[in-house]
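Peer 1: Which chain is which? The protein sequence lines are X and E, in order. For what it's worth, the working numbering labels the leading residue of the first sequence as 112, then goes sequentially. For what it's worth, the working numbering labels the leading residue of the second sequence as 3, then goes sequentially.
What the hints contain is simulated information worked out from the structure, not anything from laboratory work. We put the beta carbon where it would ideally sit given N, CA and C, even for glycine. What you were told as hints is all true, and nothing was included just to trick you.
With the C-beta cut set under 10 Å, the calculated list includes, among others, these residues of chain X facing chain E:
#1 CYS172
#2 PRO193
#3 ARG194
#4 PRO203
#5 LEU205
#6 LEU208
#7 LEU212
#8 TYR221
#9 ARG223
#10 GLY226
#11 HIS231
Counterexamples of contact, computed for chain X against chain E with all Cβ distances above 12 Å:
#12 LYS128
#13 ASP247
#14 MET260
#15 PRO288
#16 ARG297
#17 ASP329
#18 ARG332
#19 ALA340
#20 GLU350
#21 SER366
#22 ARG374
#23 SER375
#24 ALA387
#25 ALA395
#26 HIS397
#27 ARG409
Here are some of the chain E residues that sit facing chain X, going by a computed Cβ distance under 10 Å:
#28 ALA14
#29 THR15
#30 ARG28
#31 ALA34
#32 ALA114
#33 ALA117
#34 THR118
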Amino acid sequence: MANGGDDGDPRLMVSGKALVKRFGGVAAVDGIDVEVRSGEAFGFLGPNGAGKSSTMRMVACVSPRSDGELRVLGMDPDKDGPRIRARIGVVPQLDNLDAELTVRQNLQVYGRYFGLSRAHVRAKAVELMAFAELSDRADDPVDPLSGGMKRRLTIARSMVNDPELMLLDEPTTGLDPQARHLLWGRLYQLKQQGVTLIITTHDMHEAEQLCDRLVVMDGGRIVAEGSPASLIARYSTREVLELRFAPGEQDGQVSRVADLAERSEALPDRLLLYTADGEATLEAAHARGLRPVSTLIRRSTLEDVFLRLTGRSLVD
Amino acid sequence: MSTDPGPPAQRATGTVVPGWRAMWLRVEGHWAWYRRYWRSSLYSSGIEPLLFLAAMGLGFGSQVEAGPATGGHSYLHYVTPALLVAGAVMSGMGESSFPVLSGFKWQKDYIAVTATPITPGQLLGGQLAWLGIRLTLSGVVYGLVALTFGAWLRPGAVLVVAVGVLAGLACAAPVMALAAATYDEGRRFIVMFRFVMVPMMLFSATFFPIDRIPIELRWLTWISPLWHGNELARAAALGGGDPLAVAGHAAFLLALFAGGVVLARRLFYRRLVV
Ligand SMILES: Nc1ncnc2c1ncn2[C@@H]1O[C@H](COP(=O)(O)OP(=O)(O)OP(=O)(O)O)[C@@H](O)[C@H]1O
Ligand SMILES: [Mg+2]
Numbered sequence: 112m113a114n115g116g117d118d119g120d121p122r123l124m125v126s127g128k129a130l131v132k133r134f135g136g137v138a139a140v141d142g143i144d145v146e147v148r149s150g151e152a153f154g155f156l157g158p159n160g161a162g163k164s165s166t167m168r169m170v171a172c173v174s175p176r177s178d179g180e181l182r183v184l185g186m187d188p189d190k191d192g193p194r195i196r197a198r199i200g201v202v203p204q205l206d207n208l209d210a211e212l213t214v215r216q217n218l219q220v221y222g223r224y225f226g227l228s229r230a231h232v233r234a235k236a237v238e239l240m241a242f243a244e245l246s247d248r249a250d251d252p253v254d255p256l257s258g259g260m261k262r263r264l265t266i267a268r269s270m271v272n273d274p275e276l277m278l279l280d281e282p283t284t285g286l287d288p289q290a291r292h293l294l295w296g297r298l299y300q301l302k303q304q305g306v307t308l309i310i311t312t313h314d315m316h317e318a319e320q321l322c323d324r325l326v327v328m329d330g331g332r333i334v335a336e337g338s339p340a341s342l343i344a345r346y347s348t349r350e351v352l353e354l355r356f357a358p359g360e361q362d363g364q365v366s367r368v369a370d371l372a373e374r375s376e377a378l379p380d381r382l383l384l385y386t387a388d389g390e391a392t393l394e395a396a397h398a399r400g401l402r403p404v405s406t407l408i409r410r411s412t413l414e415d416v417f418l419r420l421t422g423r424s425l426v427d
Numbered sequence: 003m004s005t006d007p008g009p010p011a012q013r014a015t016g017t018v019v020p021g022w023r024a025m026w027l028r029v030e031g032h033w034a035w036y037r038r039y040w041r042s043s044l045y046s047s048g049i050e051p052l053l054f055l056a057a058m059g060l061g062f063g064s065q066v067e068a069g070p071a072t073g074g075h076s077y078l079h080y081v082t083p084a085l086l087v088a089g090a091v092m093s094g095m096g097e098s099s100f101p102v103l104s105g106f107k108w109q110k111d112y113i114a115v116t117a118t119p120i121t122p123g124q125l126l127g128g129q130l131a132w133l134g135i136r137l138t139l140s141g142v143v144y145g146l147v148a149l150t151f152g153a154w155l156r157p158g159a160v161l162v163v164a165v166g167v168l169a170g171l172a173c174a175a176p177v178m179a180l181a182a183a184t185y186d187e188g189r190r191f192i193v194m195f196r197f198v199m200v201p202m203m204l205f206s207a208t209f210f211p212i213d214r215i216p217i218e219l220r221w222l223t224w225i226s227p228l229w230h231g232n233e234l235a236r237a238a239a240l241g242g243g244d245p246l247a248v249a250g251h252a253a254f255l256l257a258l259f260a261g262g263v264v265l266a267r268r269l270f271y272r273r274l275v276v
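Chain X with its partners taken away, still in its complex shape:
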């Protein structure tokens, strides 16, 4: 059976060409090309205002594109919005649960909008509450739940129609580490079942864990694309040397050591030197008389790719 939609390459769950979203005169998404294949976990990384949510909302068929082409499950969101929405699961960046309903009612009522029978949503709600670890709060109203619990419920709610494609806009914001790992595990499981995932995140670790492929967005454009490993290989060095100085002493240190590394980056609280061999660079820096209060040698991560591409670091 075809995973995708009604025409074109059936394996393409989402395909956008020269996709544009304008608000007034401002282009929030400024001509991006994306293709997401069936069964893939695809990520959008980018700083605040990069256009991630705007893109997600177009794919979710709640925001018409201003220009370009877009197909979701092989259909055109402008024409087949409801049909597409019936088959996808959406976790918006901001929770929009019905605060006055109970946890259970939130799932059941929402499920009914997808044309599911009462018996079906009743059973589904039980299953999803177990997934979200909210079974003991089943008949409590949503309003007094903690932020993380609400987030878990929003995620559970998005699965009520067993979606083929899930759009998760910063799904783990507000979750504690345990809940975050639980969710990663569950998303991995969904992926194993063939569910296609599109995720935006500020958490580079999350992106590395979950995404087969990702794009880095900045200013409404895609600035890089690839697997986490290939992006790291292309845009960063094997190792990174981090130097921390006593307060006020970092200024002026960059110029003394910049030539020791392929690239250097001065963050407010530390100096980063990108190099193939961290040990050697550290020795060389010491030889030049640098006296940092602490040092760290680590492998490059997506965080470094991000910093390189956008000039911004992500503080999670």
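Following the hints, put chain E with the ligands in place on chain X, whose structure we already have.
Peer 2: Relative to the frame of chain X, chain E with the ligands by itself:
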């Protein structure tokens, strides 16, 4: 069909429900809420007008002589149908102001609903249908209690509930449109309650007949949906309505409702599809 070696994809269970059923599902969602809160909600929409009825109809009304001003009826019989309509108009406008704005802005449940196969137009339809059901419920409760006061004279009075629903929805639809076009904290609703709703209560021949309203201000009465509702309700409850006038009043309310729905629909889309 394909030779795709990838993992087997699950097929989503969601489907698109036809328009009327989609509206009904929204009603069902409200019903889930209502089951939890019906007491307080019935109180405000049904019991409040009743207290009014007790005070005006029985208390104050006992001081008013039946006469030509009240069409020869006792004040209780005169005021009871109008109070039902006034209550429906008040709750119709109230329910369509902050609660609807909240759906867009604070609670954001409208945003959640329109991320499903439900469209903004169906959402609006569901809101109106649900409001109609609530107005019917509170109208029936009010009617039954008024019956125990002996406030109804003829069987035709059951139509007063329908008039209340019509007048309530006719006033609600434009307010829903206003809510969809409101991006601030909704101060305009306070202004609306003060400068539209309260004068409407006073100038709609609810408590006293239109000929007691100064002639220079009578145009306020003629444009007031509540007055048209009151006239219809009295025709049903007391009899003796001129068919042409009845048709005119009904047409006014239907036109207001239709215009409100068209505007609200456009503004719901503008608000939710951005
Ligand atoms: N409804 C809207 N009306 C006007 N401008 C908007 C609207 N939604 C988004 N924007 C603008 O579009 C740009 C991109 O916003 P978007 O929410 O897509 O960014 P993002 O990458 O999701 O950021 P964040 O990481 O902060 O969530 C921003 O400049 C934002 O102000
Ligand atoms: Mg965002």
